[in-house]
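Engineer: Construct the complete structure from the given sequences, taking the supplied hints into account.
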Amino acid sequence: MDAKQIQIFSDSQLVVHQVNQDFTAKDASMTAYLQHARHLLATFHVYSINQVPRSENSHANALARLASALEQGIGRHIHIEFLDQPSTQAPLICTIDHSPYMDGPHPSVFAEPNTTG
1021 MDAKQIQIFS DSQLVVHQVN QDFTAKDASM TAYLQHARHL LATFHVYSIN
1071 QVPRSENSHA NALARLASAL EQGIGRHIHI EFLDQPSTQA PLICTIDHSP
1121 YMDGPHPSVF AEPNTTG
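For the sequence shown, our numbering gives the first residue as 1021, with consecutive numbering after it.
Hints listed in this document are in silico derivations from the structure and should not be mistaken for laboratory results.
Only a predicted model underlies this, so the values are computations on that prediction, with no experimental measurement involved.
Ranges between beta-carbon positions, derived for each pair:
#1 Tyr1053 to Gln1105: 41 to 47 Å
#2 Asp1047 to Asn1077: 21 to 27 Å
#3 Ala1080 to Ala1023: 18 to 24 Å
#4 Gln1105 to Tyr1067: 43 to 49 Å
Glycine included, every Cβ here is placed at the ideal spot set by N, Cα and C.
Structural biologist: Put into structure tokens, the structure is as follows:
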């Protein structure tokens, strides 16, 4: 790679401050990652690493969750569901309880009242 400069953006305040040498890495695995990162950064003439708030980094968060799922052996299939409306506006779901009640079965039905007529 012939790049001489690199800009890095991370949502991890800890990583940004460790790479910028504001914080020290105390965990052995973080120390190893930090040493590797500094080794790679030494190949560039100029670099910068800046923190991006997680709220402004939703695309990267989705990719990180996908990578985490792969590492945990969940598999390569990620279920994606597109909702027609926010889940807070979803219709009330009726629950029927057939468990024994006092002397015998007593079905309890919880539902939205019928307001259509």
